[in-house]
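**Q** Chains R and P, in that order, are what the protein sequence lines are.
For the first sequence, my numbering assigns the number 4 to the initial residue and increments by one for each residue that follows.
For the second sequence, my numbering assigns the number 4 to the initial residue and increments by one for each residue that follows.
Don't read these hints as lab results, they were simulated from the structure.
Treat the hints with care, since some could be wrong.
Since copy identity is lost for identical chains, a pair holds within one copy or between any two.
To be verified - Cut-off 30 Å, straight-line C-alpha distance, at most; resulting in silico cross-link-like pairs (DSSO-like, lysine-lysine):
hint, residue 1, residue 2
1, Lys301, Lys285
2, Lys197, Lys285
3, Lys296, Lys327
4, Lys114, Lys369
5, Lys66, Lys197
6, Lys360, Lys156
7, Lys115, Lys297
8, Lys114, Lys66
9, Lys360, Lys66
10, Lys297, Lys222
11, Lys197, Lys300
Okay, here's what each chain looks like letter by letter:
Protein chains: 2
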Amino acid sequence: MGGFKVAEEIRIALDAMGGDHAPGEIVKGAVHAAMHHDGMRIILVGRQEEVRRALEEETQAAKADASALPGWQDRISIRDAREVISTSEHPVDAIMHKRDSSMVVALTMVKKGEADAVASAGNSGALMVGGQGIVGRVRGVQRPPFGTLIPTKRGVLLLVDSGANVDARPQFLAQWAKLGTIYMQSSLGIKSPKVGIVNIGAEEEKGNQLVKDTYPLLKKMHEDGEINFGGSCEARDIPEGEFDVVVCDGFVGNVVLKMYEGVAKVLLSEMKAGLLSSTRSKIGALLIKPALKKTLKKFDSSQYGGAPIIGLTGLVVKMHGSSKAVEVERAMDQCVQYREQRIADRIQDYAAGEKKKQDAARAAEKGV
Amino acid sequence: MGGFKVAEEIRIALDAMGGDHAPGEIVKGAVHAAMHHDGMRIILVGRQEEVRRALEEETQAAKADASALPGWQDRISIRDAREVISTSEHPVDAIMHKRDSSMVVALTMVKKGEADAVASAGNSGALMVGGQGIVGRVRGVQRPPFGTLIPTKRGVLLLVDSGANVDARPQFLAQWAKLGTIYMQSSLGIKSPKVGIVNIGAEEEKGNQLVKDTYPLLKKMHEDGEINFGGSCEARDIPEGEFDVVVCDGFVGNVVLKMYEGVAKVLLSEMKAGLLSSTRSKIGALLIKPALKKTLKKFDSSQYGGAPIIGLTGLVVKMHGSSKAVEVERAMDQCVQYREQRIADRIQDYAAGEKKKQDAARAAEKGV
Numbered sequence: 004m005g006g007f008k009v010a011e012e013i014r015i016a017l018d019a020m021g022g023d024h025a026p027g028e029i030v031k032g033a034v035h036a037a038m039h040h041d042g043m044r045i046i047l048v049g050r051q052e053e054v055r056r057a058l059e060e061e062t063q064a065a066k067a068d069a070s071a072l073p074g075w076q077d078r079i080s081i082r083d084a085r086e087v088i089s090t091s092e093h094p095v096d097a098i099m100h101k102r103d104s105s106m107v108v109a110l111t112m113v114k115k116g117e118a119d120a121v122a123s124a125g126n127s128g129a130l131m132v133g134g135q136g137i138v139g140r141v142r143g144v145q146r147p148p149f150g151t152l153i154p155t156k157r158g159v160l161l162l163v164d165s166g167a168n169v170d171a172r173p174q175f176l177a178q179w180a181k182l183g184t185i186y187m188q189s190s191l192g193i194k195s196p197k198v199g200i201v202n203i204g205a206e207e208e209k210g211n212q213l214v215k216d217t218y219p220l221l222k223k224m225h226e227d228g229e230i231n232f233g234g235s236c237e238a239r240d241i242p243e244g245e246f247d248v249v250v251c252d253g254f255v256g257n258v259v260l261k262m263y264e265g266v267a268k269v270l271l272s273e274m275k276a277g278l279l280s281s282t283r284s285k286i287g288a289l290l291i292k293p294a295l296k297k298t299l300k301k302f303d304s305s306q307y308g309g310a311p312i313i314g315l316t317g318l319v320v321k322m323h324g325s326s327k328a329v330e331v332e333r334a335m336d337q338c339v340q341y342r343e344q345r346i347a348d349r350i351q352d353y354a355a356g357e358k359k360k361q362d363a364a365r366a367a368e369k370g371v
Numbered sequence: 004m005g006g007f008k009v010a011e012e013i014r015i016a017l018d019a020m021g022g023d024h025a026p027g028e029i030v031k032g033a034v035h036a037a038m039h040h041d042g043m044r045i046i047l048v049g050r051q052e053e054v055r056r057a058l059e060e061e062t063q064a065a066k067a068d069a070s071a072l073p074g075w076q077d078r079i080s081i082r083d084a085r086e087v088i089s090t091s092e093h094p095v096d097a098i099m100h101k102r103d104s105s106m107v108v109a110l111t112m113v114k115k116g117e118a119d120a121v122a123s124a125g126n127s128g129a130l131m132v133g134g135q136g137i138v139g140r141v142r143g144v145q146r147p148p149f150g151t152l153i154p155t156k157r158g159v160l161l162l163v164d165s166g167a168n169v170d171a172r173p174q175f176l177a178q179w180a181k182l183g184t185i186y187m188q189s190s191l192g193i194k195s196p197k198v199g200i201v202n203i204g205a206e207e208e209k210g211n212q213l214v215k216d217t218y219p220l221l222k223k224m225h226e227d228g229e230i231n232f233g234g235s236c237e238a239r240d241i242p243e244g245e246f247d248v249v250v251c252d253g254f255v256g257n258v259v260l261k262m263y264e265g266v267a268k269v270l271l272s273e274m275k276a277g278l279l280s281s282t283r284s285k286i287g288a289l290l291i292k293p294a295l296k297k298t299l300k301k302f303d304s305s306q307y308g309g310a311p312i313i314g315l316t317g318l319v320v321k322m323h324g325s326s327k328a329v330e331v332e333r334a335m336d337q338c339v340q341y342r343e344q345r346i347a348d349r350i351q352d353y354a355a356g357e358k359k360k361q362d363a364a365r366a367a368e369k370g371v
């Protein structure tokens, strides 16, 4: 915690107005993050009177917490932004016309070098448009995807794209396979991440047109040693953790993500209701509580924070629209890790190589 | 059980060679069905020596069961078929060339009036091709879908298409909404089933191109009183049971189905492992067992049997490739119910109306 480390702190512009529980839970999450995690400064972006009120409330509530890092309050500040982009707005219109919205202001801070990262639980489409338009796309990356870490039986896997590009082309999926590989190598240290493509059967000839067209591209990349392609991944293999990286279009990815969430939620609530239905099972429930909690924690997606947009020149993290303080805190911590892992640098290196290849191919075509 | 009822028994041609556990589990399921359920005759179709061996084994094992219906053995017979279609074969090739396969022979029995229904756990694509090519499509139905009943918090919903048409058009989805409505009205007596379209957000402007193009068609059908359209269904609303019928292309439907299966399976196995990790939780586990079993049974998809192909002139039921005896038994019973509910008749009536409309539109175009 010396002065030496301060220079390395990541400055996160946090969209305080985005999401179902903004600004209350967003601010609460920021306070918890600053109290318990090192290495970050958080700038809350939004209507300053509302944000300040929420911040004061949380600061009061936090005073009792003896585990808080010293000086945490100095690491949270507010940047005023008068407008708010809602979930139902058209992404391009919102980014173009709401220049003083919390989301646009936060993204612009990264562009101007006033912040190192943006996190938002607001309109996903707008964040994607603004991420590319304001922060900027790495040259050579065709369509930046959302990458979401999903808990599995064996640990965790990366799902790309989890919701950004709903009508994708084979070339996009092929590139996501490579981006995902770099991500998992950098973040989890997996040397040769096993890549799968979401499909409706294990056989190569199965699938819709997109999958059939993408499959040979992935096979070629595997032969060239670019990725470790393990073939088709049936949706039921995802929770089993058979793969490290799973690619699909953003529509399918979003369905995967939300089925995960929905099935787990319903199953657990039904189980809970079942356990409270008799005295016998109520006593049993008390006895199994600690063991159950451990299992559930493993499958709690809030543990894995937000979904970064992979392939931008800056760090932009999308948090779930329904994020509460715990998810926000986790996403803040993830920003610190993401920076330490230098994933963005490695993607820039890869993309620069891609760009060169593309240019060389074009030059060759022209008969140079 | 008098002679009077025999005439009403449904004759089911059961593909004894299809699926991961054929012929053993298929035959076992058939035996259990005949022993415990009324109203059916089962013809096991497959290599007779293998099927006979399995049948003799199961008959031996069944002798101890006092609850067996009298004369159940007379309601099972064998039809020889020498070839087997594997999962990896190309559907059209398999149906065209393996004329003496268990699947083709079973389908042909329905065509010839020697059976009333076919059930198979074999190659889904081949069953779809053969169902349309051999049994026949109801005129007016464009693309018959698989309809699968999924357990939800509130009961059950019908997912169409759950895997047959992976690259679908808006007109197909619109028709599936109507077919699904008829299905749920007939089978579960729901007067006005709430129909949703699988989407990545609740707002109308969200979705991929297919969803955006289908949405207005469904709205129009709602305005015309043909269906009760409730809008977009996010994947997490599916287990919550917010809708009675959910439409999507067969690729997405298959992902939904297999995520359901996969998440539930992994979550439960992890929970079980967690419960056996300490003495305290082991004792608790014993106490909660009855309550837990009840909950799990509700979410056990084997309770809901197979997926009928909706819109054929005969009953063709696809069972899960990994079906065991319990799923087979359930699917056999489902055939009996399906027939009693006269769903096929109602679909024929609807399709005849559609056909007339199409013909009238064509005549009008010609300026008659």
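**Q** Against this structure, judge whether each hint is valid.
**A** Going through the hints against the structure:
no.: 1; hint: Lys301 with Lys285; result: both (24 Å within a copy, 20 Å between copies)
no.: 2; hint: Lys197 with Lys285; result: neither (43 Å within a copy, 36 Å between copies)
no.: 3; hint: Lys296 with Lys327; result: within (19 Å within a copy, 33 Å between copies)
no.: 4; hint: Lys114 with Lys369; result: neither (36 Å within a copy, 61 Å between copies)
no.: 5; hint: Lys66 with Lys197; result: neither (46 Å within a copy, 50 Å between copies)
no.: 6; hint: Lys360 with Lys156; result: neither (39 Å within a copy, 53 Å between copies)
no.: 7; hint: Lys115 with Lys297; result: neither (43 Å within a copy, 58 Å between copies)
no.: 8; hint: Lys114 with Lys66; result: neither (35 Å within a copy, 78 Å between copies)
no.: 9; hint: Lys360 with Lys66; result: neither (56 Å within a copy, 72 Å between copies)
no.: 10; hint: Lys297 with Lys222; result: neither (39 Å within a copy, 46 Å between copies)
no.: 11; hint: Lys197 with Lys300; result: within (25 Å within a copy, 35 Å between copies)
Hint compliance for this structure: hints 2, 4, 5, 6, 7, 8, 9 and 10 are broken, all remaining hints hold.
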